[in-house]
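Trainee: Based on the sequences and whatever the hints tell you, model everything.
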Amino acid sequence: IPCGLVLRSVGYRGVELPGVPFDEANGVLPNDAGRVLGAERTYCAGWIKRGPSGVIGTNKKDATETVEALLTDARAGALAGNRDGDLEQLLAERGVDYVEHAGWQAIDAAERAAGTPLGRPRVKLTGWDELLDAGRGVQSTS
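All residue numbers for the sequence shown refer to the numbering used here, where the first residue is 1291 and numbers rise by one.
Because the hints were derived from the structure by calculation, they are not lab data.
Computed from a predicted model, the values in this text were never measured in an experiment.
Incorrect hints may have been included.
Said to hold, decoys possible - For each label pair, taking beta carbons as the anchor points, the in silico distance ranges come out as:
{"id": "1", "residue 1": "1366", "residue 2": "1398", "range": "27 to 33 Å"}
{"id": "2", "residue 1": "1316", "residue 2": "1410", "range": "31 to 37 Å"}
{"id": "3", "residue 1": "1292", "residue 2": "1353", "range": "35 to 41 Å"}
{"id": "4", "residue 1": "1368", "residue 2": "1414", "range": "30 to 36 Å"}
{"id": "5", "residue 1": "1341", "residue 2": "1365", "range": "27 to 33 Å"}
{"id": "6", "residue 1": "1407", "residue 2": "1329", "range": "43 to 49 Å"}
{"id": "7", "residue 1": "1315", "residue 2": "1399", "range": "39 to 45 Å"}
{"id": "8", "residue 1": "1412", "residue 2": "1295", "range": "22 to 28 Å"}
{"id": "9", "residue 1": "1416", "residue 2": "1293", "range": "23 to 29 Å"}
{"id": "10", "residue 1": "1322", "residue 2": "1293", "range": "42 to 48 Å"}
{"id": "11", "residue 1": "1345", "residue 2": "1385", "range": "33 to 39 Å"}
{"id": "12", "residue 1": "1343", "residue 2": "1380", "range": "32 to 38 Å"}
{"id": "13", "residue 1": "1296", "residue 2": "1380", "range": "45 to 51 Å"}
Note that CB positions come from ideal geometry on N, CA and C, so glycine has one too.
Mentor: As structure tokens, this is what we get:
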């Protein structure tokens, strides 16, 4: 077949995270509906949950399953921590850069706007700086 470029894709293999149970044989986090077994208040989705299979729709379906498990646990009080304060305070203490829901909506709008002139549903922002800038309403220079 005539072509200009050939890429070989051999899949993906999950890697262990310190302190999180890991199934070395399958390259996944052992889980039940996204709840990581042997790790309280820890959840997973995507290939690290089920192995390298499926497409975006598969990831969406299994992420939905994980979120449902998380929400079920939250409603049951199983996610209560042993820490006072709120999430914003914790993120600030840990130096985590984040955007709130309105920021996610701004990212979504920016991606959709970038896709429109190309006849595409969206053009994904792929760099952290781009995502954070869009989420904070900062005009990107890229």
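Trainee: So which of the earlier hints does this model not fit?
Mentor: none
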